[in-house]
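Q: Letter by letter, the chains look like this.
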Amino acid sequence: MPDLSPILLSLKLALLTSFVLLVIGLPIAYALSIWKSKAKIFVESLVSLPIILPPTVIGFYLLILFSPENLFGETLANFGIHIPFTFSGILIASLVYSFPFMVQPLQKAFEQIPQHYWNISYTLGKSKFETLIKVVLPNMKHAILTGFILTFAHTMGEFGVILMIGGNIPGETKVASLAIYSDLEALDYSAAHFYSIILLTISILIIFMVNLLNKDKKADA
Amino acid sequence: MLDIHIKKQIKSVRGETALEVQAHFKNEAITGIYGNSGEGKSTLFNIIAGLSSPEYGTLHYNDLVWLDSVKEINLPTQKRNTGYIFQTNSLFPHFTVKENILFAVKNENQHEVAVSELLSQVDMEGMENRYPHQLSGGQVQRIAIARALAQKAQIILMDEPFSALDLEIKQKLYSFIKVFKKKYNLMILIVTHDINDIFYLCDEVLWIKNHKTTGTIPIDEFKKEIELKLRNL
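Protein chains in written order, with my numbering: chain H, 443 to 663; chain U, 141 to 373.
Among the hints, erroneous ones may be present.
Some chain H residues judged to face chain U by a derived CB distance under 10 Å, without partners named [said to hold, decoys possible]:
1. Tyr503
2. Thr528
3. Phe552
4. Pro556
5. Ser563
6. Leu566
7. Ser569
8. Lys576
9. Val577
10. Asn581
Each pair of labels, with its calculated beta carbon distance range [to be verified]:
11. U:Ser192 / H:Ser509: 50 to 60 Å
12. U:Asp208 / H:Lys478: 21 to 31 Å
13. H:Gln557 / U:Glu365: 29 to 39 Å
Listed below are the simulated SDA-like cross-link pairs for lysine to any residue, each with C-alpha atoms no more than 25 Å apart in a straight line [unchecked claim]:
14. H:Lys583 / U:Glu239
15. H:Lys583 / U:Glu268
16. U:Lys246 / U:Asn214
17. H:Lys570 / U:Val245
18. H:Lys550 / U:Lys211
If you're looking for bench data, these hints aren't it; they were derived computationally from the structure. All of these numbers come straight from a predicted model, not from anything done at the bench. Heads up, the beta-carbon is just placed ideally off N, CA and C, and yes, glycines get one too.
Extracted from the complex, chain H is given alone in its bound form (with noise of 0.2 Å):
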C-alpha cells in the first residue's frame, strides 16, 4: 500500500486553499463588482494573470520575495516565519495560484445581482451587511459552489509552482501530484499509478458536480 500522505497532504492544502480564497474573494469579488474606474481593468487584468502565467515563474518569483536573501524574506525570518520550503510556503503559492478560480465567478455573480434586490432590502429597513448575508449571497449560491469547487480542483492539480517553493520534501510539500512525478522518476510505476487514479477519481467528481450545479442553475432560472 502506497504512502497515503501525498493524498492527505493534497486534499488539506486544496480544502484550506478554497476557504482562505471564499473568505478573501468575497469582499475582493464585492469591491470589483461596483468599482467604477478606468483603472478596473488594469487590476482585473492582475487578478486574472495566474491563469495564463506560467506556474514555474509564479513559484520563481515567490521563491525570490520570500527568500532570506531579500529584504521580506529575511524580516519574516527575523520574526521567525519562515516560507519557503514549507507547507506555509505551498499554501500561500496556492491562494496566488488559484485566486482567479475564485474571485472570477464570484465577481461576475455580484455583478448579474440586480440592484433592485439590494434596493428593496433597504426600504425594508435591512442594513447593507444584512441584505449581503440574507439576500445577496443566498443568490450567488451557485457561483459560491462554482468558485470553491475550481479552486479545489485546480488546487490539487497544481504541480509547478509546489515545486518551486515547497520542494518535495515528504509529509511537508509532497503533494499527491509531486509523489506521481517522483515515483515515476524511480520507475515505481504502481505508486504512481495509484496517486494518478485517485487524482483521476476526484477530478471526475468534480467536473460532474460543476456540471451538476450548471444544470441545476439553468434549471432555477
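Using the hints provided, position chain U relative to the given structure of chain H.
A: Relative to the frame of chain H, chain U by itself:
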C-alpha cells in the same frame, strides 16, 4: 403629506440635464407620476426612498425632515419605511411567499399569524410555501403589496407595477390598491407611462415635462390636458 422640492443632475438621451421637482403629495391618495421615458420618474422615486440624493433640495414627510441639503440632513432609506414595488422581480427568489413577507416584519415572532391574514387580503390564501417563480406576474405584485402592508409602510412607491400584466390582472390589482389606500390610510405613488393606469386609479397626477414639474394636478385637470393634447394631434 410629503413635500418635496429638489434639483438633481441626471443623464438623459439628450445629455446631462437637471431634474427639478416641486410637489406636495397627500396622505390617503393615489398619485400618478406621469411622463415620457427618461424624464426622471424613477430617479424621483429613488430620492423619496433615500436611495439617491439630490444636489439640492428638501423633503418633509408630515412633521419629519427626511432631507435638507443645506442642513445636511439625509435620513437613511432604512428609517424612511417606504414600500417599493418594481415592474418585475419585486420578490426575493430564494424566499418563499411567507419568508418574503416575514422579511419585512421587524419582529418575526409576533407576525406568524399575520402572514395568512395578509395573504387572504390579497386573495392569495394557501400560497405561503410557494416560491416567486411558481407565481404569475400579477400574483407576485399582490405579494409585494402584502409585504408593503406587513412592513407597515405609510408610503408605497410603485414603479411601473402593471406594465408586464394583462388588462384583467391589472384591474384586479387596481381594486386591491384602492381598497388598501382607504383601509390603511396610505399614500401611494405610481410611476407609469400608461394613461389608463392613471384614469382608473389615481386621484392626482404629477406630470413631469422636460424634467421639470411644479406640482400635482387633480385627475380631472389631467384628463382635460390629455383630451386637449389628443385633439391637437
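Q: Does each hint fit the structure? Answer for all of them.
A: A quick look at each hint next to the structure:
{"no.": "1", "hint": "Tyr503", "result": "violated, 42 Å"}
{"no.": "2", "hint": "Thr528", "result": "violated, 42 Å"}
{"no.": "3", "hint": "Phe552", "result": "violated, 16 Å"}
{"no.": "4", "hint": "Pro556", "result": "holds, 6 Å"}
{"no.": "5", "hint": "Ser563", "result": "holds, 8 Å"}
{"no.": "6", "hint": "Leu566", "result": "holds, 5 Å"}
{"no.": "7", "hint": "Ser569", "result": "holds, 7 Å"}
{"no.": "8", "hint": "Lys576", "result": "holds, 7 Å"}
{"no.": "9", "hint": "Val577", "result": "holds, 6 Å"}
{"no.": "10", "hint": "Asn581", "result": "holds, 6 Å"}
{"no.": "11", "hint": "U:Ser192 / H:Ser509: 50 to 60 Å", "result": "holds, 52 Å"}
{"no.": "12", "hint": "U:Asp208 / H:Lys478: 21 to 31 Å", "result": "holds, 28 Å"}
{"no.": "13", "hint": "H:Gln557 / U:Glu365: 29 to 39 Å", "result": "holds, 34 Å"}
{"no.": "14", "hint": "H:Lys583 / U:Glu239", "result": "holds, 18 Å"}
{"no.": "15", "hint": "H:Lys583 / U:Glu268", "result": "holds, 23 Å"}
{"no.": "16", "hint": "U:Lys246 / U:Asn214", "result": "holds, 22 Å"}
{"no.": "17", "hint": "H:Lys570 / U:Val245", "result": "holds, 17 Å"}
{"no.": "18", "hint": "H:Lys550 / U:Lys211", "result": "violated, 40 Å"}
Of the numbered hints stated above, those contradicted by the structure are hints 1, 2, 3 and 18, listed in ascending order.
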